[in-house]
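Peer 1: What follows is each chain in one-letter form.
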Amino acid sequence: MSRRDFFRASGLVAAGAVGGPALLGGLTKARAATPAAPAWESKFSACDMCFNKCGLIAQVEDGVIKKLDPNPKFLKSRGMLCARGNAGLAQVYDPDRLKHPLLRKGERGEGKWQRIPWDEAIDMAAQKMEETRKKYTPCGHLFSAGSDLHSQFVGRFAEVYGSFNVTSHESLCLVSGNRAFLDTYGEVPFPDVLNSKYIVMAGANRFEALVTPDSIDLMTAMREHGCKLVTLDPRYTKTASLSDEWYPIKPGTDMAFMLAVAHVIIGEKLYDPQWIEEKTYGIEQLTEHVRQYTPGFAAEECGIPAEAIARIARELAAAAPASMIYPGRRTSDYEDSTQIRRAFAIVNGLLGNWDRPGGLLAARAVGLKGVPYDAPWYDENQEDRIDADKVPMMFEHEGSFLVTRDSVLADDPYPVRGWFIYKTNPMGTAPNRRKTIEMMNKMDFVTVVDIAMSDTAWYADLVLPSQSYLERLDPCSGLQGSVACACVVKRDPIIDPLYESRSCFDIMKDIAGRMDLGEYFDFTIEEFRKKQTREIPEALEVMDRDGVYYNPSKVYGIYEGRIYKTLSKKIELYNQRYEQMGLDPLPIYTPPTKVPKNQFRLVLGRNAMITQSSTTNNALLHQFIPSNTLWLNPDAALSLGIKDGDLVEVSSSVGRQELRAEVTKKIRKDTVFMLSGFNTLSTMQSLSHGNGASINEVLEDDYDAVTGNASMHTTFVTVTRKVA
Amino acid sequence: MAQQLAMVIDAAKCIDCKGCVAACKVANDVPTGQWRNWIKPTVEEVPIPGLLKSKPKFQPGACMHCENPTCVDACPTGATYKDKETGEVVINNALCIGCGNCIPSCPYDARFRNEVTRKADKCNYCPERRAAGLPPACVDTCPTKARVFGDINDPESAAGILYRKNKDRLTRISARTDTKPNMFYVGDPGHGDWGGEAVVPASMVAMKQSAPLIKGIVGLSGLGVLAMLGRQLLVGSDAEHKEDSDA
Ligand code: SF4
Ligand code: SF4
Ligand code: SF4
Numbered sequence: 001m002s003r004r005d006f007f008r009a010s011g012l013v014a015a016g017a018v019g020g021p022a023l024l025g026g027l028t029k030a031r032a033a034t035p036a037a038p039a040w041e042s043k044f045s046a047c048d049m050c051f052n053k054c055g056l057i058a059q060v061e062d063g064v065i066k067k068l069d070p071n072p073k074f075l076k077s078r079g080m081l082c083a084r085g086n087a088g089l090a091q092v093y094d095p096d097r098l099k100h101p102l103l104r105k106g107e108r109g110e111g112k113w114q115r116i117p118w119d120e121a122i123d124m125a126a127q128k129m130e131e132t133r134k135k136y137t138p139c140g141h142l143f144s145a146g147s148d149l150h151s152q153f154v155g156r157f158a159e160v161y162g163s164f165n166v167t168s169h170e171s172l173c174l175v176s177g178n179r180a181f182l183d184t185y186g187e188v189p190f191p192d193v194l195n196s197k198y199i200v201m202a203g204a205n206r207f208e209a210l211v212t213p214d215s216i217d218l219m220t221a222m223r224e225h226g227c228k229l230v231t232l233d234p235r236y237t238k239t240a241s242l243s244d245e246w247y248p249i250k251p252g253t254d255m256a257f258m259l260a261v262a263h264v265i266i267g268e269k270l271y272d273p274q275w276i277e278e279k280t281y282g283i284e285q286l287t288e289h290v291r292q293y294t295p296g297f298a299a300e301e302c303g304i305p306a307e308a309i310a311r312i313a314r315e316l317a318a319a320a321p322a323s324m325i326y327p328g329r330r331t332s333d334y335e336d337s338t339q340i341r342r343a344f345a346i347v348n349g350l351l352g353n354w355d356r357p358g359g360l361l362a363a364r365a366v367g368l369k370g371v372p373y374d375a376p377w378y379d380e381n382q383e384d385r386i387d388a389d390k391v392p393m394m395f396e397h398e399g400s401f402l403v404t405r406d407s408v409l410a411d412d413p414y415p416v417r418g419w420f421i422y423k424t425n426p427m428g429t430a431p432n433r434r435k436t437i438e439m440m441n442k443m444d445f446v447t448v449v450d451i452a453m454s455d456t457a458w459y460a461d462l463v464l465p466s467q468s469y470l471e472r473l474d475p476c477s478g479l480q481g482s483v484a485c486a487c488v489v490k491r492d493p494i495i496d497p498l499y500e501s502r503s504c505f506d507i508m509k510d511i512a513g514r515m516d517l518g519e520y521f522d523f524t525i526e527e528f529r530k531k532q533t534r535e536i537p538e539a540l541e542v543m544d545r546d547g548v549y550y551n552p553s554k555v556y557g558i559y560e561g562r563i564y565k566t567l568s569k570k571i572e573l574y575n576q577r578y579e580q581m582g583l584d585p586l587p588i589y590t591p592p593t594k595v596p597k598n599q600f601r602l603v604l605g606r607n608a609m610i611t612q613s614s615t616t617n618n619a620l621l622h623q624f625i626p627s628n629t630l631w632l633n634p635d636a637a638l639s640l641g642i643k644d645g646d647l648v649e650v651s652s653s654v655g656r657q658e659l660r661a662e663v664t665k666k667i668r669k670d671t672v673f674m675l676s677g678f679n680t681l682s683t684m685q686s687l688s689h690g691n692g693a694s695i696n697e698v699l700e701d702d703y704d705a706v707t708g709n710a711s712m713h714t715t716f717v718t719v720t721r722k723v724a
Numbered sequence: 001m002a003q004q005l006a007m008v009i010d011a012a013k014c015i016d017c018k019g020c021v022a023a024c025k026v027a028n029d030v031p032t033g034q035w036r037n038w039i040k041p042t043v044e045e046v047p048i049p050g051l052l053k054s055k056p057k058f059q060p061g062a063c064m065h066c067e068n069p070t071c072v073d074a075c076p077t078g079a080t081y082k083d084k085e086t087g088e089v090v091i092n093n094a095l096c097i098g099c100g101n102c103i104p105s106c107p108y109d110a111r112f113r114n115e116v117t118r119k120a121d122k123c124n125y126c127p128e129r130r131a132a133g134l135p136p137a138c139v140d141t142c143p144t145k146a147r148v149f150g151d152i153n154d155p156e157s158a159a160g161i162l163y164r165k166n167k168d169r170l171t172r173i174s175a176r177t178d179t180k181p182n183m184f185y186v187g188d189p190g191h192g193d194w195g196g197e198a199v200v201p202a203s204m205v206a207m208k209q210s211a212p213l214i215k216g217i218v219g220l221s222g223l224g225v226l227a228m229l230g231r232q233l234l235v236g237s238d239a240e241h242k243e244d245s246d247a
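So the sequence lines, in the order shown, correspond to chains P and D. Our numbering puts the first sequence at residues 1 to 724. Our numbering puts the second sequence at residues 1 to 247.
By construction, these hints were calculated from the structure, which means they are not laboratory data. Note that the structure is predicted; figures quoted are calculated from it, not measured. The C-beta atom is built at its ideal place from N, Cα and C for all residues, glycine as well. Treat each hint with caution, since some may be false.
[Unchecked claim] Residues from chain P that face chain D, not an exhaustive set, calculated with beta carbons under 7 Å:
#1 80
#2 86
#3 96
#4 238
#5 241
#6 246
#7 247
#8 248
#9 370
#10 371
#11 374
Same shape as in the complex, but just chain D:
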């Protein structure tokens, strides 16, 4: 079986210390005020004192390197693609034109336009660190090891072991667009009502779905979008990504 890199998270263990978020920012030079990963707090009323329901209160997350990544569908240049060997969803920076199409296409808000590089950015499982034999920064630093990373198809890997052990109770964040995330939560993940709907430019979806002949024609119209957004990039527009994707 091919690899499937994934994160298996025990949200019940997260103490919201934000070590993972700080580690990611340093490891990946994420600009001030921008974030590749997060901890979502469970929005709950302060409970009646006494016995508390022990459900996860803090939910670690990041790009989920989905099985059906809508961000790949939305990318006009192919800069975003799903790596067949590892199952990662990769952004090839050299090809990214910073059009921002992919940003609203992610139902989990995992993507942003990096203010410095002006290209799409998101969690990439720290490939440089992995090449050096180290785990992703967030996983490495986590005090309670709430985040576990690895190839879930490899029964020997830490993630694979946890994945198998909890096979029956694994959950995913639900979203209105189901992209089949490769981020698995052991049991209850905490509140899941933040998963949204993928907004993929119609032209891009059509292009991917059409017969090759029509694809050419639609492709051209898609390229109109591309040209427009490419210009936005070059003049450094700060336009909201929601607007970007409406074309």
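The shape of chain P in the complex, shown without the other chains:
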């Protein structure tokens, strides 16, 4: 009998007693044999738990994923995998996953489903789509797809089907910021955080809302290169706490701050005159415009001391061009969010940091090519998108979800009665959930392709189980990451697909085949990849070897001798196109609506464990964040008679929710905060269903006047203690 077996026997204690100290002494010296290396097979892939696509190595044993590790060669993610990335297993092996096609039986949202075979499901989807097209023209069908490498096939499908109505998640997130920078620089920049010496961060929370490589580079820049970070945030976030300076800015006043910074830089001639002369357009108009926006003025608006504003402006200018106003990402905050971000872009213009180390970088050449096709023409079709012309500068290919939703509800200008949704969950991400439910109810037929029964799927007619990122073959994707890389990634299946799941591409291909659109999907993903990489033929092989391909393209000075894609062919401090369109060519500050007495401004924000609505039902992440709470300042709580942990009701003009109060000094007195993704309606999300509060139920659905981007910080709520 081995020693191990000996001690396993139930009599071990008695046996030990007989042996006494000698035996114990012997045991002290015992060695557990060095554990053997696991029989892992290592396979490359890219994470899909958020949009960042961090490089990973999946450790697989007997067809089961045991662990996801970072790919050290993956520079965009700097060889890391965050908590969500590590929790990828819990998503793939989630018992709540969709397993086979389901057809709704009862009322919408009632949760009665019937399992049907794939053939029947595809036939039905194709037939319903044909019917919609005949009855309402091709534009009578809406297509929505989230951020995913297969989403482009949904776009392709919509186009060959004949619909202009495609929405993505972006208009609930960042299109106003993109608009602002695009209209200033001619393209959307990547901040060179790593080499920056001074960063002002407003409206971003980079140490909690992870964006690679920025989040990681920011820490390296601060701790190893002495970069200074100034954070403006109504909350004392982790980013705020790690900053050199933090100001709990009054929500909605960022533009005043930025214009005052511009005022100081211009008034004290702290910019590089030659650079401004050569590269920018509109310094005179800007000079005139910002005269009124003194630090004193901004101090009144923002609640930040005037001296601090002036000093920060001077310090930014002293560190220029290796300094920046961090562009941020989620810019869905106010009805003038495009103009707010224009103010950010303009200060960067004054710092002369474009295309230079430590500043804002242009996109680099990645080498991937598009795969073109000729979409058929439909005579009977509508002239434009349903949300066209309702805001002046929408992004055509992203649309505006909120404007689309209002238009669908009003049949304005035409009816939309079919909806195909892939990997996006507007019910869980768009404000005013009731309106999304109404929109669902308006539809003749809704098909949802997802890996889980999201709230959007819960209200659909047909739910099709898709493969997770670790089960499918994806096309190549090009990624940018400031100085880190311009790279190409791909995904190969790490394990066989679970249950009856199928990839979105295969689903699109099958439906197209049933609708005489088969020629547009007449290829395999491998063939598609070959076409994408036709100009970098070595890329596929390199990706097999390293999990990533880097394009050795130029990082800085891309714009030397190149013209900017703006009307003046320069960086437009003053925007000529806006002038022509009757929009403010320079951002004009309007104070945010005053918070009504006894109410609070509801703000949202990210956390490193939460990707919108898609991670709150993840069994591993749930252990970190089991529910959401309402952040409430102690002074506010005291006047409302609310104690930490009390159940409170939060209500707005559109809805009400209940959750526990978290009484904390980490938030301003006039502001409350809660995390998104909780209190799902779908009972097939067992951890998030009925848990905490849904922020979408409470948020009102205002949007940015320029782009139609949702404005998520314009809702005022009343908070009351619930008497149990």
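Given the coordinates of chain P, assemble chain D with the ligands onto it according to the supplied hints.
Peer 2: Same frame as chain P, now just chain D with the ligands:
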């Protein structure tokens, strides 16, 4: 010099993303609601807005594989021991009877009784991963590489380099019982007032310290404890470890 595996941590770099904690849970099958490693937040008042004192706000930690591990003293079966070659503090699962003696004996609360295996559990520097040539899961996954691991006696290792480079400013978590942890923080580790006092059953300490003859006798009384706790294990008692150790 023999090896000394250790973690060298720059707490000022930690962003409290909990990547390390999630990675550890997956790598080591740590049961729901239990944790082998952690990030301790600095308990501080929200500061006056403006310039902030830049001190570490988040403090990564785990078993510190101490120089004088009180957990080894507390273990009646020798399941917990300090590996002479590597300096690790190891739990030999085959010998662990799940008595729980070691749990309060760790002044840093690094140990727990694994709800599934019902044996003592704690950070073990991921030996399977190391055998496969990989770093411990938490170190591998950390975005800012706040956690660095290796043999600090090897001047070539990442941990050794960092250890030497910061020799003058390395700190340890202080506790009322000083076990000389092999977890070194570069500069200020963040707040350190959570280190507690080791609670080691008197009988176990006595046994280790006594002359061989007396050791036998004390050993027998120690075994009484052992028998009692062993029974607890077998009937699956959930008794608090604090009670376990009072015998
Ligand atoms: S940031 Fe985290 S969730 Fe997002 S892709 Fe990277 S590892 Fe995955
Ligand atoms: S930290 Fe605790 S468990 Fe780890 S070696 Fe030290 S005393 Fe033992
Ligand atoms: S992974 Fe690194 S940065 Fe994140 S919490 Fe752990 S030690 Fe801190």
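Peer 1: Take the hints in turn and mark each one as holding or not.
Peer 2: Taking the hints in turn, this is what the structure says about them:
1. 80: Result: holds, 4 Å to nearest chain D Cβ.
2. 86: 4 Å, holds
3. 96: 15 Å, violated
4. 238: Interface hint status for residue 238 (chain P): holds (5 Å vs cutoff 7 Å).
5. 241: 5 Å, holds
6. 246: 6 Å, holds
7. 247: Holds: closest Cβ of chain D sits about 5 Å from residue 247 (chain P), inside 7 Å.
8. 248: 6 Å, holds
9. 370: Hint on residue 370 (chain P): violated, closest Cβ of chain D at ~32 Å, above 7 Å.
10. 371: Constraint on residue 371 (chain P) not satisfied, violated at 34 Å.
11. 374: Hint on residue 374 (chain P): violated, closest Cβ of chain D at ~44 Å, above 7 Å.
Going through the hint list in order, the structure does not satisfy hints 3, 9, 10, 11.
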